[in-house]
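K.L.:
The chain contents come next:
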Amino acid sequence: MEVAVVDYGAGNIYSVIHALERLGIRPTLTNEAELIRRADKVVFPGQGEARQAMEYLRQTGLDQVIRNLRQPILGICIGQQLMCRHSAEGDVDCLGIFDVPVLRFQPQRHEDKVPHMGWNSLEDVASPLFDGVDDGAYVYFIHSYYVPLCPWTLATTRYIEPFSAALHRDNFYATQFHPEKSGCVGERILKNFLSL
Amino acid sequence: MLAKRIIPCLDVKDGQTVKGTNFVNLRQAGDPVELGRAYSEQGADELVFLDITASHEGRKTFTSMVERVALELSIPFTVGGGINELADVDRMLSAGADKVSINSAALRRPGLIDEISSHYGSQVCVVAIDARREEDGKWQCYVNGGRISIGKTLFDWAHEAQERGAGEILFTSMNHDGVKTGFANEALRQLAERLTIPVIASGGAGRMEHFRDAFRLGQADAALAASVFHFGEISIPELKRYLRQENINVRI
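Chains W and F are the protein sequences, given in the same order.
Going letter by letter, the first sequence gives residues 1 to 196 in the working numbering.
Going letter by letter, the second sequence gives residues 1 to 252 in the working numbering.
In case anyone wonders, no lab produced these hints; they're calculated from the structure.
Beta carbons: idealized from backbone N, C-alpha and C, even for Gly.
Wrong hints could be hidden among the right ones.
Claimed, not checked - Where chain F lies over chain W, by a calculated footprint (3+ residues, C-beta under 8 Å): (1) 14-26; (2) 106-120; (3) 135-144; (4) 181-191.
Said to hold, decoys possible - Ranges of calculated distance between the beta carbons of each label pair, as one might list FRET restraints: (5) F:MET1 - W:ASP91: 24 to 32 Å; (6) F:ASN144 - W:ASP124: 50 to 58 Å; (7) F:MET1 - W:PRO101: 20 to 28 Å; (8) F:ASP114 - W:CYS150: 30 to 38 Å; (9) F:ASP114 - W:GLN52: 14 to 22 Å; (10) W:PRO107 - F:ASN84: 29 to 37 Å.
To be verified - Not the full set, but computed from the structure, chain F residues with beta-carbon under 10 Å of chain W: (11) LYS4; (12) GLU67; (13) ALA70; (14) LEU73; (15) ILE75; (16) SER94; (17) GLY96; (18) GLY167; (19) GLU193; (20) ASP221; (21) ASN249; (22) VAL250.
Given the sequences, and given the hints that come with them, work out the whole structure.
P.N.:
Shown next as structure tokens:
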């Protein structure tokens, strides 16, 4: 299976590559449109800042490439946020695959720390991405911006308020958490994605 | 709900763990990667690897160990020890570490925190603080493994670190470290009240109740320990079951 990991100059992409390697995949890290279009599966990872990331995607034409993909694609963390309509991080228009805005967490109490960092539980998980993953399973998050609940919410997590831990529309999948850092639960989710 | 984190800390010298352990099923007892994997399978939420090597050769060995950890483990890990400049941070992140912990270097040159957070984001920057409660009741910060006082107090320095962009504070109480009578809960609580970033409690773990108290009384977001885990005095699965019974939210 050919798996392309989109290289758009974002931070730590090694962990997602290592996680795929542990599942027996040799992913290709690339920013070449042709390699991405040709892959069986595409992973759109990330850490980084939304405005810079969008500028890079527009300059390289990767924004159009990603929007027009037909094979399963998995956005991770900022990857999920970039697949939405608009991000409050840098007030930037994003890919618009999910017609929902990305907002910044607003602490309500002193204990509400931003970023939301650590292990939090999933609720209302829906297959196929979450086959074999139960409600209440813990996954690893690290983010200051979030996607509110919307018609494409595939799993919910509560922090300050309920938000979209995962999204799904057609061939587009996304998680706010890092499956590559989420132990066996994350491994199961990546496996599910690879078998879509 | 966001879970409280349990973090084993491994001291590494020349690529081998330093403290002895009671883990029986390891092929190589001193291999930090094997030990890390064992902890990960037991339910550790994160790991900290501290490089206590002084030599240049040892540093290289540590970097290749970090690469192996990143290849094999699927939970977040922090590395510390010998990180003095941005190039060191870059080397560790490129090797696959999720976060770096800085201690003396930040106290000597606080701008290092700004540099790390603006280059890589606050989430990678853990500021470790070793502090001792002096006879006058003030908590003073120490550098060089606790040998030199630097004339800054814990609360002032932790706040400054936060303002400069630290993502977390790892506070070790030198009064409590190694004594196994519990964490410095009062100081932890004051840190939690003054800061808006997570605090990791370190120093003093001896019994399971100590973890409960660090979370409940000290309002810590995470608790770190070394020897109680390495010597098998407390097992992580047992600790997490206990904490859950005590109504503290942990990942099981």
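K.L.:
Would you mind marking each hint as holding or not holding in the structure?
P.N.:
Hint check:
1. Proximity of the region 14-26 of chain W to chain F, defined as three or more residues with a beta carbon under 8 Å from a beta carbon of that chain, is established by the 6 residues found.
2. For a cut-off of 8 Å, the count of residues in the region 106-120 of chain W with a CB near a CB of chain F stands at 11, and the three-residue condition holds.
3. For the region 135-144 of chain W, the stated coverage by chain F is satisfied: 3 residues place a CB nearer than 8 Å to a CB of that chain, which reaches the threshold of 3.
4. Evaluation of the coverage hint for the region 181-191 of chain W: fulfilled, as 6 residues show C-beta separations to chain F shorter than 8 Å, against a requirement of three.
5. Distance hint check: the CB atoms of MET1 of chain F and ASP91 of chain W are about 31 Å apart, consistent with the given range 24 to 32 Å.
6. As the Cβ distance of ASN144 of chain F to ASP124 of chain W is approximately 51 Å, the hint placing it in 50 to 58 Å holds.
7. A C-beta distance of roughly 25 Å is found between MET1 of chain F and PRO101 of chain W, which places it inside the suggested range of 20 to 28 Å.
8. In this structure the hint that ASP114 of chain F and CYS150 of chain W lie 30 to 38 Å apart at CB holds, the actual value being about 36 Å.
9. For the hinted restraint 14 to 22 Å between ASP114 of chain F and GLN52 of chain W, the CB-CB distance of approximately 19 Å keeps it satisfied.
10. The supplied range of 29 to 37 Å is met by PRO107 of chain W and ASN84 of chain F, whose beta-carbon atoms lie about 34 Å from each other.
11. Among the interface hints, the one on LYS4 of chain F holds; its C-beta lies about 8 Å from the nearest C-beta in chain W, closer than the 10 Å criterion.
12. Because the beta carbon of GLU67 of chain F sits about 9 Å from the nearest beta carbon in chain W, less than 10 Å, this interface hint is met.
13. Among the interface hints, the one on ALA70 of chain F holds; its C-beta lies about 6 Å from the nearest C-beta in chain W, closer than the 10 Å criterion.
14. With 10 Å as the threshold, the beta carbon of LEU73 of chain F comes within range of chain W, its nearest partner Cβ sitting at about 9 Å, so the hint holds.
15. Hint status for ILE75 of chain F: holds, given a least beta-carbon distance of 5 Å to chain W, under 10 Å.
16. The closest approach between the C-beta of SER94 of chain F and any C-beta of chain W is roughly 8 Å, which is under the 10 Å cut-off, so the hint is satisfied.
17. Restraint check, GLY96 of chain F versus chain W: the minimum CB separation of about 5 Å is within 10 Å; hint holds.
18. For the restraint placing GLY167 of chain F at the interface with chain W, the shortest Cβ-Cβ distance is roughly 7 Å, inside the 10 Å limit, so the hint holds.
19. Restraint check, GLU193 of chain F versus chain W: the minimum CB separation of about 7 Å is within 10 Å; hint holds.
20. At a threshold of 10 Å, the smallest CB-CB gap from ASP221 of chain F to chain W is about 7 Å, leaving the interface hint in force.
21. Annotation: ASN249 of chain F was flagged as interfacial toward chain W, and the flag holds, the nearest CB pair being 9 Å apart, inside 10 Å.
22. Taking 10 Å as the C-beta cut-off, the interface hint given for VAL250 of chain F holds, the closest approach to chain W being about 9 Å.
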